[in-house]
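J.: Starting from the structure of chain L, add chain Z where the hints point.
For the protein sequence lines, the chains are L and Z, in the order given. At position 30 of the first sequence the residue is numbered 34 (my numbering), and the sequence of numbers has no breaks. At position 72 of the second sequence the residue is numbered 76 (my numbering), and the sequence of numbers has no breaks.
A couple of the hints might just be wrong.
Anything over 12 Å on all C-beta distances counts as not near chain L; from chain Z, calculated [as the list claims (entries may be wrong)]:
(1) Gly27
(2) Val49
(3) Glu125
(4) Ala198
(5) Ser202
(6) Glu254
(7) Pro257
Cut-off 20 Å, straight-line C-alpha distance, at most; resulting in silico cross-link-like pairs (SDA-like, lysine to any residue) [unchecked claim]:
(8) L:Lys212 with L:Pro239
(9) Z:Lys14 with L:Lys212
(10) Z:Lys180 with L:Ser86
(11) Z:Lys68 with L:Gln44
(12) Z:Lys14 with Z:Arg42
(13) Z:Lys14 with Z:Glu254
It should be emphasised that the hints constitute simulated quantities derived from the structure, not laboratory data. We put the CB at the ideal spot given by N, CA and C, even for glycine.
Protein chains: 2
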Amino acid sequence: MQPEETAPYKRIGIVGGMGPYAGLDLVKKVFDQTVAARDQDHLDVILLSTPSVPDRTRFLLEGKGENPAHVIFQVLESLEASGAVVAGIPCNTAHSPRILDVVLRELTETQSTLRFVSIIEETIRHLRERFPNLRTVGVLSTTGTLRTKVYSDPLRRHGYHVIEPGEALQEECVQKAIYDTTYGIKAESNPVTAKARSDIERALSYLKDEGAEVVVLGCTELPLAISDPLMFGLPMIDPTLLLARALIRETHPEKLKPLGKT
Amino acid sequence: MQPEETAPYKRIGIVGGMGPYAGLDLVKKVFDQTVAARDQDHLDVILLSTPSVPDRTRFLLEGKGENPAHVIFQVLESLEASGAVVAGIPCNTAHSPRILDVVLRELTETQSTLRFVSIIEETIRHLRERFPNLRTVGVLSTTGTLRTKVYSDPLRRHGYHVIEPGEALQEECVQKAIYDTTYGIKAESNPVTAKARSDIERALSYLKDEGAEVVVLGCTELPLAISDPLMFGLPMIDPTLLLARALIRETHPEKLKPLGKT
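Chain L on its own, in the form it takes in the complex (with noise of 0.2 Å):
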């Protein structure tokens, strides 16, 4: 399917609609990540962003509606069908165990060939590399992805120590960010209200007040709202971006441009 300049591609999936903005803020990482100066220089990527993933929160939390590890390993098996040898999933929370686990078995089970890229390992493999010296790690993530310690079991078998929101700092804050059918990013991006932002930002400085040294911005719509780089003095880590450069390294990695300050 490509013409004799161009060199071979390897295609990269996405698994989006979680939120689908967050879907595409993956795939405009991916080509902000890749050197290129023409269009023929860009990775190849398929984006498939549908509104049938049941909410990923909810199922945890509440039990409630069927597992969405069912609909995103369609997703996954149609990227591979249109030809992705490798795909990504741009929400946290979906990398619970309670769905990620089924839905790699699922794709076992089917012989699938198409690599998996874990935003978690990624985050993690980032922070050993990038800080040697690290300790204490600060989280922001949905509730669904604190309680079922998406982050926390993983960072903690590495050696940190985690500090997440209390309760009522994540039901009232952090949760509602993300959520509120009002105010919250998943509602309103375009730009991120005043109010999602502020209160994001309270749990920040809860997190730096507690010991953090580095916050994970742990829910894909977060950097929706915080590009900083540094917040209250602390490196934002950026989930989505470091999935972002680890499908160009798992495809292209000639093309993946050297890390920035983050």
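T.: Okay, now just chain Z, sitting in the frame of chain L:
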């Protein structure tokens, strides 16, 4: 594939990569123009962004390389195979009859049922509905779009007087603002360079002086540089926005937001 709580969706296909950021801009505008408060309210969109489409302007002006129509057709076929029922191409130059007629013929020959929405027809429809007394239309585009009269022919057929830049202004300002590998939008769109923006402003100012009452930003890279609804007092017409709205209208008209000022 959809859970009970969501309405059956009609998948929107987008032929991306011409350029990559213009493809993203269209997907973003589909999301922006949709009435939605949560992930499950959004529309189902598949974007295939491939670097393998040969350059459209080069084919049209120099007769070099294969006709981009063949790869564009293959992408449309792939989108249809992935469930798309309607599709758009966020590249005005690809709507040149020498390219698009071949694509549409291949779709007919293969008995495709994919509905194709033309960015050109949607732009003219908008001008007729929104500006009933309009006489003189300015158009900025690539040299390929200009020379093959992608906008000027149908606009004249509808009775409009069309103003486009003269040869020197077109080559030095407009074409280079899009294509230059150092400062052009295809090389640097995040953010667009000051030189690209000021060169486009020079061309806009010329169109105003020549009597244009509105200006069609007739290359999907241009709205990445000019997001202002008015420039020099003239309404800026964004075909990407109009294509986004048409794709919603063709699939889920009940979810289309009311049109803003432009």
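J.: Z:Ser202 clear of chain L by more than 12 Å, beta carbon to beta carbon?
T.: Answer for Z:Ser202: holds, closest chain L Cβ roughly 20 Å.
J.: Over 12 Å to the closest beta carbon of chain L is the bar; see if Z:Pro257 clears it.
T.: Nearest chain L Cβ is 16 Å from Z:Pro257, so the label holds.
J.: If you draw a straight line from the CA of Z:Lys180 to the CA of L:Ser86, is it 20 Å or shorter?
T.: With Cα atoms ~35 Å apart, Z:Lys180 and L:Ser86 exceed 20 Å; violated.
J.: Check the non-interface label on Z:Val49: least C-beta distance to chain L beyond 12 Å or not.
T.: Given that some Cβ of chain L is not farther than 12 Å from that of Z:Val49, nearest at about 5 Å, it is violated.
J.: Any Cβ of chain L at or closer than 12 Å to Z:Glu125, or is the non-interface label fine?
T.: holds, 24 Å
J.: Would you mind confirming whether the straight-line C-alpha gap from Z:Lys68 to L:Gln44 stays at or under 20 Å?
T.: holds, 15 Å
J.: Confirm or reject the statement that Z:Gly27 sits farther than 12 Å, beta carbon to beta carbon, from all of chain L.
T.: About 9 Å separates Z:Gly27 from the closest Cβ of chain L, which leaves it inside 12 Å; violated.
J.: For the pair supplied as a hint, Z:Lys14 and L:Lys212, confirm whether the alpha-carbon distance does not exceed 20 Å.
T.: violated, 46 Å
J.: Check the hint pairing Z:Lys14 with Z:Glu254 against an upper bound of 20 Å on the C-alpha distance.
T.: The given pair, whose Cα atoms are some 9 Å apart, holds under the 20 Å limit.
J.: Please confirm whether Z:Ala198 is truly not at the interface, meaning its C-beta sits more than 12 Å away from all C-beta atoms of chain L.
T.: Holds, since 18 Å exceeds 12 Å.
J.: Z:Glu254: least C-beta distance to chain L exceeds 12 Å?
T.: Answer for Z:Glu254: holds, closest chain L Cβ roughly 17 Å.
J.: Does the alpha-carbon distance linking L:Lys212 and L:Pro239 stay inside the 20 Å limit?
T.: This hinted pair holds, its Cα atoms lying about 11 Å apart.
In summary, the structure is inconsistent with hints 1, 2, 9, 10 from the numbered list given earlier, while agreeing with the others.
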